[in-house]
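Q: Sequence:
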Amino acid sequence: MERADAVRDRGTDWLAGGGPDHEVVLSTRVRLARNLQGFPFSIRAGVDDRRRVLARVRSAIEGGTSLVEPDLLEMENLDSGQRRLLLERHLVSRDLIGNPDEDAPPGAALVLEGRRALGLMINEEDHLRLQTLLNGLQLVQAWQEVDRLDQELGGTLPYAFHHEFGFLTSCPTNVGTGLRASVLIHLPGLVLTKEIRKVLQGISQVGLTYRGLYGEGSEVVGNFFQISNQTTLGKTEEELIDHLARIVGQVIQYEKQARAILLREAPTVLEDKVGRAYGILSRAYTLPFDEMMNLISGLRLGLTLKLLRTPRVETLNRVMIFGQTAHLERMAGRSLDDADADVHRAAFVRRALAEDEEAARSAGPRRDLDLPGGSDGDDER
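Numbering-wise (the working numbering), the sequence shown opens with residue 1 and increments by one.
A portion of the hints provided could be inaccurate.
[To be verified] No more than 20 Å apart at the CA atoms, straight line, and that leaves these computed lysine-lysine pairs for PhoX-like:
#: 1; residue 1: Lys-306; residue 2: Lys-256
#: 2; residue 1: Lys-256; residue 2: Lys-198
#: 3; residue 1: Lys-256; residue 2: Lys-194
Calculated directly from the structure, the hints in this document are not laboratory data.
Predicted model only: the values in this text are computed from it and were never measured.
Please model the entire structure based on the sequences and the hints provided.
A: Structure (structure tokens):
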């Protein structure tokens, strides 16, 4: 199932943009935690146990699922840069890849269906983490995709299940359904109108939680928030999905109202913020990641309010991912220190914006922004 070039474009379909409520919601993720009977949890498992779990799951997938031509990527077979690429694309967790400067955890693997972000992590915190990542607000669709894969694997693999508590997991907060659903949402309007604290407090009071771009423990940058359910016990999967969808729907309305207020009451301030963001991104020669994310937030806001014609939302999505250090190193064909990465990032963003601007002027076919070079994007375009 594994191919030499499997990392290059894997799990990038969600970057195309679009999807329901895409003006506010970038992506939807649904994940199910599962463990196998007869094996210690991953955090207590030895090397032999972890390899046996991997072998069982590999056999189940090869036996037939709805996954189309899946790739199974063992972390031990990937170099540090490749593992970091997967992390930057939100396809794996830090627990799965381990310390990038050290050997990968034995038995850790990722299964992906081509360019789609549908598949599973093996030997992460739990034996299995089934997951999908879709563009826009698609909680029901994401749940259905993961549920189908869960039913298929559960017909072959003996899941650890308790008649009273439900699916057993390493972390008590995942016991029950094992479901974690999250939405990556862009809230610049609420931040600029200083209403964000009130909204986040409300989220916390209704059984949800929020995090930064990279989940638990990460800081909020670029006004991007992950909103997710907090517990999984005592409710059905459908109830958890419905609750999150209703609350996120309310947050979307609050954000749209805040943007309308800004456009009506402070248009010059808003236009200046958007214009400065475009000016810096299109002209900067050094660009730290956090600054890039904050400026991209301004461009995304400007696009949704029709203050800008370019760049495309897809371009901004790809810049967010490909503008991270591991992707820049893959393009450069060498490791980069922080200062070098800032220079390469600025050049990458300048080129991306210029290509969209030229495409808009000529009204010709638009070329997708992608990792340049060979099978792993090692060469510069």
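Q: Confirm or reject each hint.
A: Now for the hints, and whether the structure bears them out:
1. Lys-306 to Lys-256: holds, 14 Å
2. Lys-256 to Lys-198: holds, 16 Å
3. Lys-256 to Lys-194: At roughly 14 Å apart (the allowed maximum being 20 Å), Lys-194 and Lys-256 satisfy the hint.
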